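S.K.: Please model the complete structure; the sequences and the hints are all you need to start from.
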Amino acid sequence: MDVMVELKRVTKRFSGTTAVNEVDLTIRAGEFITLLGPSGCGKTTLLRMISGFETPSEGTVLLEGKDVTYEPPYRRDVNQVFQSYALFPHMTVQENIAFGLKMKKVGRAEMDERVRSAIAMVSLAGMEARKPTQLSGGQRQRVALARAIVCRPKVLLLDEPLSALDAKLRHSMQVELKQLQKKLGITFVFVTHDQEEALTMSDRIAVINKGKIEQLGDADAIYHRPKTTFVANFIGQANILHASVVAREARQARVELEGGLTLTTSEELPEGAERVLVSIRPEKVWIEKERGEGDNWFEATIEDELFQGPTDQLRLKTDGGLTLSALVANESSRRTPVHAGDRVWCHLHHDDIVFVHED
Amino acid sequence: MTPGTGQLPEIQGAQRRPGLRGWLLFAPLMLWLFAFVIAPTAIMFVYSFCQRDELGQVVFEFSLSNYTRVFDKTYLKIFTNSIQYAAITTVICLLVGYPVAYFIGRASEQIRNKLLMLVMIPFWTSFLIRTYAWMSILKAEGPLNGMLLYMQLIAAPLDILYTPAAVVIGLVYSYLPFMILPIYGSVEKLDNALIEAAFDLGAGPVSAFSHVIVPLTRPGIFAGVLLVFIPAIGMFAITDLMGGGRVPMIGNVIQNQFGQARDWPFGAALGMTMLLLFAACFALSMRKSDAA
Ligand SMILES: Nc1ncnc2c1ncn2[C@@H]1O[C@H](COP(=O)(O)OP(=O)(O)OP(=O)(O)O)[C@@H](O)[C@H]1O
Ligand SMILES: [Mg+2]
Numbered sequence: 001m002d003v004m005v006e007l008k009r010v011t012k013r014f015s016g017t018t019a020v021n022e023v024d025l026t027i028r029a030g031e032f033i034t035l036l037g038p039s040g041c042g043k044t045t046l047l048r049m050i051s052g053f054e055t056p057s058e059g060t061v062l063l064e065g066k067d068v069t070y071e072p073p074y075r076r077d078v079n080q081v082f083q084s085y086a087l088f089p090h091m092t093v094q095e096n097i098a099f100g101l102k103m104k105k106v107g108r109a110e111m112d113e114r115v116r117s118a119i120a121m122v123s124l125a126g127m128e129a130r131k132p133t134q135l136s137g138g139q140r141q142r143v144a145l146a147r148a149i150v151c152r153p154k155v156l157l158l159d160e161p162l163s164a165l166d167a168k169l170r171h172s173m174q175v176e177l178k179q180l181q182k183k184l185g186i187t188f189v190f191v192t193h194d195q196e197e198a199l200t201m202s203d204r205i206a207v208i209n210k211g212k213i214e215q216l217g218d219a220d221a222i223y224h225r226p227k228t229t230f231v232a233n234f235i236g237q238a239n240i241l242h243a244s245v246v247a248r249e250a251r252q253a254r255v256e257l258e259g260g261l262t263l264t265t266s267e268e269l270p271e272g273a274e275r276v277l278v279s280i281r282p283e284k285v286w287i288e289k290e291r292g293e294g295d296n297w298f299e300a301t302i303e304d305e306l307f308q309g310p311t312d313q314l315r316l317k318t319d320g321g322l323t324l325s326a327l328v329a330n331e332s333s334r335r336t337p338v339h340a341g342d343r344v345w346c347h348l349h350h351d352d353i354v355f356v357h358e359d
Numbered sequence: 001m002t003p004g005t006g007q008l009p010e011i012q013g014a015q016r017r018p019g020l021r022g023w024l025l026f027a028p029l030m031l032w033l034f035a036f037v038i039a040p041t042a043i044m045f046v047y048s049f050c051q052r053d054e055l056g057q058v059v060f061e062f063s064l065s066n067y068t069r070v071f072d073k074t075y076l077k078i079f080t081n082s083i084q085y086a087a088i089t090t091v092i093c094l095l096v097g098y099p100v101a102y103f104i105g106r107a108s109e110q111i112r113n114k115l116l117m118l119v120m121i122p123f124w125t126s127f128l129i130r131t132y133a134w135m136s137i138l139k140a141e142g143p144l145n146g147m148l149l150y151m152q153l154i155a156a157p158l159d160i161l162y163t164p165a166a167v168v169i170g171l172v173y174s175y176l177p178f179m180i181l182p183i184y185g186s187v188e189k190l191d192n193a194l195i196e197a198a199f200d201l202g203a204g205p206v207s208a209f210s211h212v213i214v215p216l217t218r219p220g221i222f223a224g225v226l227l228v229f230i231p232a233i234g235m236f237a238i239t240d241l242m243g244g245g246r247v248p249m250i251g252n253v254i255q256n257q258f259g260q261a262r263d264w265p266f267g268a269a270l271g272m273t274m275l276l277l278f279a280a281c282f283a284l285s286m287r288k289s290d291a292a
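Protein chains in written order, with our numbering: chain A, 1 to 359; chain B, 1 to 292.
Everything labelled a hint here was simulated from the structure, so no lab data went into it. Fair warning: this is a prediction, and the values are worked out from it, not measured in the lab. There could be a bad hint or two in this list.
Said to hold, decoys possible - With a straight-line Cα cutoff of 35 Å, these simulated DSBU-like cross-link-like pairs (lysine-lysine) come out: (1) B:K288 x A:K102; (2) A:K66 x A:K131; (3) A:K66 x A:K210; (4) B:K189 x A:K168; (5) A:K102 x A:K131; (6) B:K77 x A:K105; (7) A:K131 x A:K210; (8) A:K212 x A:K284; (9) A:K104 x B:K288; (10) A:K210 x A:K178; (11) A:K182 x A:K154; (12) A:K289 x A:K178; (13) A:K210 x A:K289; (14) A:K102 x A:K182; (15) A:K104 x A:K8; (16) A:K154 x B:K73; (17) B:K189 x A:K104; (18) A:K102 x B:K189; (19) A:K8 x A:K66; (20) B:K77 x B:K114; (21) A:K178 x A:K131; (22) B:K288 x B:K77; (23) A:K105 x B:K114; (24) A:K131 x B:K288; (25) A:K8 x A:K227; (26) A:K210 x A:K168; (27) A:K102 x A:K154; (28) B:K189 x B:K288; (29) A:K131 x A:K8; (30) A:K8 x A:K183; (31) A:K210 x B:K189; (32) B:K77 x A:K131; (33) A:K66 x A:K105.
Said to hold, decoys possible - Far from chain A by the CB rule (all over 10 Å, computed), these chain B residues: (34) S65; (35) A87; (36) A107; (37) V212.
Claimed, not checked - Below, a sample of chain A positions facing chain B; criterion: calculated Cβ distance under 8 Å: (38) P72; (39) P73; (40) Q80.
Each residue gets a CB set at the ideal place from its N, CA and C atoms; glycine is no exception.
M.R.: Structural data, given as C-alpha cells:
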C-alpha cells in the first residue's frame, strides 16, 4: 500500500475559529476517499491545505512522503475541481482544458493529443470552441473535470463538485466519476455533505465533525459500525438509547435498556463501562406477528405509522415505555400488513446493536 | 459519459428591444447628449469651415483653409508632441495605477472603501490649488529639492519646474485616479476562484497575472487608458502652469485660438481634427478588442 497524502496533526485556526483541529489522515495511492460532514465542519479547509491554498497553523502535509506544507499550489502535483468550477470565462473549452499543460510547457503535439483525449473522456467533443457561458451546468462541470485530469495529477481534489447539479444529473455524474477514477487510477479526495453520495462512491469515508475526524472507514463500517452518536445520526437514522451493562461474557454482553428491556449483543463492550449508549438502525428492527426463534424478542405497540414510499416508518412503544423507530419494507398485499395500534413482536440481531460514544 | 448533451441553445444576454418605458428612462441621457455634445460639436463643425474678420468675428464663408493650416508643420509637430506626452502619461498612470487598483480591489471589504476614499480625496480641493501646490513642491527652493539636497543625493537644486518632466508629473498626478477607478472596478469583480484555478493548474504569479488577471480586467484597463489618454492630449492648464508655456501642447494652441488669437474657426478646425483622431483610435481599438 503506497501512501499518497499524509496529514500529521494538522490544525488550522482562523481568527476566532478552529476550522481543522489536530487531524491525522493517511490517504492511499489510487483510493477514492470522501470527506463527509455537515456545513462548516472544515472539509474545504482540509482540502485547501492539501492543494496549498491554506497553510496549516500547526502540523505537516506530506505528498508522496515529501513535506509540502509550505509549497505553493503551483508546485504541487495536485489539482482541484472547484465547487463553482472556476472556468476561465475568456477562454474556450479547448483553451481552458489546455491551460494546465501550457503552464507546464508541454509540447504542442502532445498537448493537442492529451486535450483531445480528455475532451473525449468527458464527452465534450464538438464543444471545443465554445465559451463557458455557452455551456449548461453539467457541461461546465465536465470541462472543470477535464481541465484537472488532463494534467495527470497525483491527487485530484473535488470540493462538492456535484452540488450545483440537479438530482438526476448528479446521480449519473456520480457513476461516471467513480468509473473515471477507476480507469485513471488517480487518487480522489472528494468533499461532500451528502451522505448517500459518500456511501455510493467512496472506498473510504472520513466523517468530520467540528474540525475533527470522527471516524474513518469504508462505507460498510461507517454505516454498520458507527463509533459515535454523531456518525450514527449523520449517516442514516439511528435509535440512540441509554443502557446499562448487566452481564459480560466472552463474546457477548447483556445490556438493559430503559423500561427493563434486556438485549444480548455481540459487539465488543468498551472497557469497564457500566453505562453505555447503543445505536440501533430503524431498518434492523424486525417486525413479526408471532414470536420467532432465539433471544432479543420483545413485544411493542405501533403508536404511529408514516408512509414513505418504499418503506413505512413505525413508532414503537414497548410495554416498559421505551420508544423506538423502525423501518419496514412496504410489501403491501403479499403480507399481512401492520398498522397503528397493532401489537407486534420485534426482534434485533446481536450484531445490529452497536455501542457508540457520545461526542 | 452520456453523449448528446449538446443541444443547449447559446446562452447570451437578453437582447430585447427597449419598450416605450425604456426610451423614457433613456430620454434624459439623450437630451444631455444632444445639448452638451452633439449641438456644440455641430456648431464647431460649421465654424471650422468659416473665416474670421479682423476683429475676430466669425464670417460664414465656406473655405478649407483652416484645415490646410492644421497640417502646417508647426501644428503637426505640436500634435505629435501632445500625443507623446499623453502616451507617456498614460503608460506611467497604468504602471502606477494598476498595482494600486489591484491592491484595493483585492483588499477586504472594510478596508476597500477607506482606500477608495484616499484615491478620491484629491478631488475635494480645487484642481488649480493642487497644481499650484505641485509647482511649489517642484520649484528650485521647494521641499523636493530641499529633501534631496539634505539627503545629499544631489549637489545643486534640480530644475524640474517648467520642463517636460514637470508637465508629465502634473499630468500623471491629475489623471491617476481616472486610471485607478475603472481598473479597480474590474479587479473587484474578478472571482478569486479564477486566480486560484490558475495557480492550481501550475501557473506561477507572473503567468497567472498575464494569462488570467490581465485579460479579465481588460475592460477596466481599456476604460482607464481612454479616460487618461484623451483628456491628457487636450490638457492646457497644467502645461501652462507647470510647463510655463515652454512645452506647447495642442490644448494650449486651441485655447489660444479661442482666447487671445480670436480665431475661432481655426480653433474649431483643430478641435475637429482631434475629434476625428480620437474616433479613429477608438474604432481601431474596438475592432481589435472584438477580434481578440
Ligand atoms: N478564510 C476564512 N476566514 C475565517 N474563517 C474561515 C475561513 N475559511 C473558513 N472559515 C471558517 O472555518 C470553518 C470551516 O469552514 P470550511 O469552509 O472548511 O467548512 P466546510 O466544511 O467546507 O463547509 P461547507 O460544507 O459549508 O462548505 C467555518 O466555521 C468557517 O466559518
Ligand atoms: Mg466547503
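S.K.: Does each hint fit the structure? Answer for all of them.
M.R.: Each hint, compared with the structure:
no., hint, result
1, B:K288 x A:K102, "24 Å, holds"
2, A:K66 x A:K131, "38 Å, violated"
3, A:K66 x A:K210, "28 Å, holds"
4, B:K189 x A:K168, "33 Å, holds"
5, A:K102 x A:K131, "18 Å, holds"
6, B:K77 x A:K105, "47 Å, violated"
7, A:K131 x A:K210, "40 Å, violated"
8, A:K212 x A:K284, "29 Å, holds"
9, A:K104 x B:K288, "29 Å, holds"
10, A:K210 x A:K178, "28 Å, holds"
11, A:K182 x A:K154, "14 Å, holds"
12, A:K289 x A:K178, "43 Å, violated"
13, A:K210 x A:K289, "44 Å, violated"
14, A:K102 x A:K182, "26 Å, holds"
15, A:K104 x A:K8, "30 Å, holds"
16, A:K154 x B:K73, "67 Å, violated"
17, B:K189 x A:K104, "28 Å, holds"
18, A:K102 x B:K189, "26 Å, holds"
19, A:K8 x A:K66, "12 Å, holds"
20, B:K77 x B:K114, "44 Å, violated"
21, A:K178 x A:K131, "27 Å, holds"
22, B:K288 x B:K77, "28 Å, holds"
23, A:K105 x B:K114, "42 Å, violated"
24, A:K131 x B:K288, "19 Å, holds"
25, A:K8 x A:K227, "22 Å, holds"
26, A:K210 x A:K168, "31 Å, holds"
27, A:K102 x A:K154, "18 Å, holds"
28, B:K189 x B:K288, "23 Å, holds"
29, A:K131 x A:K8, "41 Å, violated"
30, A:K8 x A:K183, "30 Å, holds"
31, A:K210 x B:K189, "32 Å, holds"
32, B:K77 x A:K131, "46 Å, violated"
33, A:K66 x A:K105, "24 Å, holds"
34, S65, "49 Å, holds"
35, A87, "26 Å, holds"
36, A107, "16 Å, holds"
37, V212, "6 Å, violated"
38, P72, "7 Å, holds"
39, P73, "4 Å, holds"
40, Q80, "5 Å, holds"
Hint compliance for this structure: hints 2, 6, 7, 12, 13, 16, 20, 23, 29, 32, 37 are broken, all remaining hints hold.
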